[in-house]
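*Asks:* The lines below spell out each chain.
Protein chains: 2
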Amino acid sequence: MFLNKLLRDGDNEDLAEERRKATFDTDEMAAIIWEGKEVRFVRRRREITKKVIEYTELHDPFCQAFMTRHEEVENAARKVNSVEILKSFCNNYLIFSKTHTQCFSEVIGMYGHPLALHAVMFIPSLQAQCADDQMHWLKKAMSRQIIGTYAQTELGHGTNLRKLETTATYDVKTQEFVLHSPTRTAMKWWPGNLGKSANHAVVVACLIIDGKNYGPHNFIVPLRDPATHMPLKGITVGDIGPKMATGPVDNGFLSFDHYRIPRTNMLMKHAKVTPEGKYVPPAHAKVGYSAMVHVRSHMISDQAKFLAQALTTAIRYSAIRRQGEIQPGDGEVKILEYQTQQYRLLPQLARAYAFSFTGRAVRDLYLRVQKDVAKGKVDEMAELHYITSGLKAVVTHLTGEGISQARMSCGGHGYSKASNMPDLYGIAVAGCTYEGENMVMLQQLARYLMRAAKEAEKGRALGRLVNYLVEPSDIHSTHLKAFDKAAKLQVMKAFERMRSLRAQGLSDEDAWNANAVELNRAARVHTRQYIAHQFYEQVSSVADGRCREVLRDLLHLHLNYELLDMAYYLLEDGFLSGQQVDYMKEDMYRLLAKLRPNAVSLVDSWDISDHELRSVLGRRDGHVYENLYKWAQESELNRTQVLPTFEKYLKPMMMEARAQSKL
Amino acid sequence: MFLNKLLRDGDNEDLAEERRKATFDTDEMAAIIWEGKEVRFVRRRREITKKVIEYTELHDPFCQAFMTRHEEVENAARKVNSVEILKSFCNNYLIFSKTHTQCFSEVIGMYGHPLALHAVMFIPSLQAQCADDQMHWLKKAMSRQIIGTYAQTELGHGTNLRKLETTATYDVKTQEFVLHSPTRTAMKWWPGNLGKSANHAVVVACLIIDGKNYGPHNFIVPLRDPATHMPLKGITVGDIGPKMATGPVDNGFLSFDHYRIPRTNMLMKHAKVTPEGKYVPPAHAKVGYSAMVHVRSHMISDQAKFLAQALTTAIRYSAIRRQGEIQPGDGEVKILEYQTQQYRLLPQLARAYAFSFTGRAVRDLYLRVQKDVAKGKVDEMAELHYITSGLKAVVTHLTGEGISQARMSCGGHGYSKASNMPDLYGIAVAGCTYEGENMVMLQQLARYLMRAAKEAEKGRALGRLVNYLVEPSDIHSTHLKAFDKAAKLQVMKAFERMRSLRAQGLSDEDAWNANAVELNRAARVHTRQYIAHQFYEQVSSVADGRCREVLRDLLHLHLNYELLDMAYYLLEDGFLSGQQVDYMKEDMYRLLAKLRPNAVSLVDSWDISDHELRSVLGRRDGHVYENLYKWAQESELNRTQVLPTFEKYLKPMMMEARAQSKL
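Protein chains in written order, with UniProt numbering: chain A, 1 to 663; chain B, 1 to 663.
Because the hints were derived from the structure by calculation, they are not lab data. A couple of the hints might just be wrong.
Copies of the same chain are indistinguishable here, so a pair counts whether it falls within one copy or spans any two.
With a cut-off of at most 25 Å between alpha-carbon atoms, the simulated SDA-like pairs for lysine to any residue come out as follows [said to hold, decoys possible]:
| hint | residue 1 | residue 2 |
| --- | --- | --- |
| 1 | 481 | 574 |
| 2 | 594 | 497 |
| 3 | 163 | 447 |
| 4 | 163 | 324 |
| 5 | 377 | 208 |
| 6 | 585 | 503 |
| 7 | 594 | 630 |
| 8 | 163 | 12 |
| 9 | 139 | 274 |
| 10 | 585 | 564 |
| 11 | 334 | 3 |
| 12 | 485 | 586 |
| 13 | 454 | 328 |
| 14 | 334 | 506 |
| 15 | 173 | 275 |
| 16 | 630 | 514 |
| 17 | 50 | 626 |
| 18 | 140 | 260 |
| 19 | 371 | 501 |
| 20 | 585 | 10 |
| 21 | 334 | 589 |
Based on the sequences and whatever the hints tell you, model everything.
*Replies:* Below you can see the structure in the form of structure tokens.
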């Protein structure tokens, strides 16, 4: 019995050979990754896969890559409807339940569907904002009597929400709000499913009473006729057109022409407007960061999975692709034998694990802090907000780079949509922009770090996460101490530079802007220090000995790789010598070679089914070439042997030339 | 009269304000970039644009982003047919003529068309390989009596050409070659236009006579019936399916089932097979690298233009997008005011210029060396081959990263296909893989560098390009000296490590592989050193004083930015101190601020017309928002107000839920 549990008879022998080399049980590792604690959970995931494969209604009639956008949208609508069949397996709209996520991931993938925003944004907004007498909206949404989305971003404003232009003016005579888009840039733009699917939206608009602007508030707004789905009078709504990826999602635009809704359509759990037009501010101060922190902590885990998917494809393919010889005459080798290929892929694999462990750590921290908040202890929530901002920026950026490397490591075939790499990249990098543009995220963390630096000067730690600015960690890892040092150096350097810019006469704001690049550096190094610590801690707590051993190697590869990438900070200060850097490099090369025999098993452990992976190159059985050919034969251009372009353009062109040649 | 020549009445005022700040004449700069020497050439480019705008047959009926793949292919076929109208403006198939390129760029863009490979690969192959009595093939190709492509890459082999599996076995009885694909992996895969457009191909197959394999040779092969376009008997041909980009190109597969062609279809300019089946080897040794060097030197310039296009969009948009305040109460600022945005874009802009100047330098070097080769002096051709390999790898990689940064700097709107950024990225990064995978390219240069290091140990320079390994350059630039030093350090370090690995008992080949990452580093640093020198030299020779001045700032930004990115090498060695690095940083921040007022004019100077740029965000007039809305209204999903998914899936779902709620 081999330790890699994905080994099957009839597989590509090159891949089977890799799997037989596993030094750890891949099901045990899968249980660690998916937090099943026991292998039982891993089996449950596979049952879902099996069910999905059984119900052909849940399949794509042909590969999405060959679909027009109309077909993509329709296919997603059909599937999301059929997914009800699997209701017995997952709680309806328990969005973050693991089995539900797994089921959606199998059926829909990461491509989106007409009810995506309904589940992820519309229902949570109503849950958070409906007053007691508004709960009928939530009921309608939960039971799918209406389809909704959340409309905040406008054509002209995404980051700076205070400048949103849509207005909701209270008309005391009719007790209605008049929604209006005063300019072109006021048009709502981007909300998912707003274009064609939703008939309702939670709309963010500036509340105006008696000419006074009370800032952004939330309103529940009917957009389309419930029977005909035609836009209601005063509403202009449509699709914003194709994007880099997520074709099945109808991101939309929306503008209002003096469109009236009843006063009671303002969501009044917090702020209120009385019938007489009196504004009642929220009883408590702004609830704050909770929702953002929640979404961003889930983004970390999602990005880890995107990266793992790309590496599953790239590493399996690298084990079946043979190209070139290392020893002349010894035959062509698997491209995974090349050090350059190992260097391209294994540190990225280590990151996938690191991000996954970090995502989990942040989520657990969130759950703990949320309990504290319930008891009135709110200070840690801010700290958590800042670190998730930094993580969101760093993890999405590095994931994009990692997928890009994984794609290129597959050579030409990685460029084909058969690899699924192009879509995977397109979907992952969207995360660099949504839920807070990365540069802005880093600046947020930097603000916290500058406050921390100020405290550190006085010998005080602002919070647990910046304790390293004040006193050395008690962890016995020279690597982690180096991360601490690098982060401290850059944080304090940015702080000093700020002071010196102000001393040169710049205002606080101008000094901040003139220091923004250094501040972002500080935020990045701090975040990478945080990830390193999380990875280290979680590996230490792994119970299974064989899994822990290989994870330790992966951890050390990660620590060496990241430190080398940041060596600059430590060399500049003299903390590291050139010799020490060389030593880390040698250690990294040693670890590449040591991890290489477990490479396939380390991606297999993510237990991503073929159905979910949607990659001909990454197939579990390794039978890539014959299936590439099968896939291509279904290409939309192969539906006829001769395209109309021949009769229309190519034939006349050639005929004329042939006739001319006979003159 | 303002110096920026793209300023027009009625433009977005934020953009006009930028243009009025130009400190140099943008037409003069355009003449430098496009090597017009005089502004007259710039005017000629604009005439082409004007003609293209006049002939509506050359336009897309609607944006390509809204097209199905069938529509994309048909549209490209129609346009390439119509481009004949512009014949008077450009020599037919003088591929690398500047006006011709410009015309194609305006009409087709970078997306490809059914005759792309015909022009770029099929005709040049025939030119290089047809014997005197085979010139009728070239004539037919030139006049377009036939449409061809070049079929080399197979499903199983791209990089390692010696292992191509397609065979051409000589049958002396019938005086024919029998083309055959013995395995699935032998199938030709990837050649552009092979799938649906070409009816002929130059096919690379292993020549077999009397059971002896003479290795890859070229054959001209009819694939489809000239009248019906149906594949000929023994031929299986089709489209390989959609890719990351280049939808209009029908990359194809092709396999042979004992398909016979006359002996005379082997291209016999060099090697020959007599009717009796005697193999006559080429009279001269292999012609070598010439074609590859030519193509790669053009790739450098193309990539520079891709990057410039992305920056044209990103920098113009950054001047019209206002978001957030720097000084509270002073109003929202252009996002170009943020240092982080400048840092994201301006060093990339410097790279676009650097790559453009380097591409030109390499092309000129190629032309000179080619003349030498004609006189029998071949030694410099090898050197040129190696440096173009390195340039191809470094420039394509950095261009991909630059476009990605440019896209993200546009926030959400950069993710929309309205920005054209997704396609631009997809097309540019293909260059990392085609014409030699980047890792393989770096390894090639590294082989040369290791030979150079061996010579350098003995105090000898292997060639002009590695002279810095032996003696210091006489250029009075401390920056360039630092580049030389960094390159020398890493080249010698990789060389030493190789020696030490061999001393540990590794074979030459295993030592090479165990050192591959360090070797690639050496190749990269050497290449960046080369680019820095080219940029420096070409800026020094600019005649126009005002252009030279701003180019000098751009050059210094480039030198600082690149050196900081490579500071690691210099800090490790102690060549640079932490203080010196800090000084370079300060200089870089100063240059960002200094260049910022010219940023728009520096992209305007690339003189890329709106028609060619195909980006709503990058429009010359800056009227972005209203045109984003116009663009979106044409989205394929907006052709009807209500999609069929409503009646089919969404309505039944909601109706059932509403009915349930009344129970």
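*Asks:* Taking the numbered hints from earlier one at a time, note which ones the structure violates and give those numbers from smallest to largest.
*Replies:* Violated: hints 5, 7, 16, 19 and 20.
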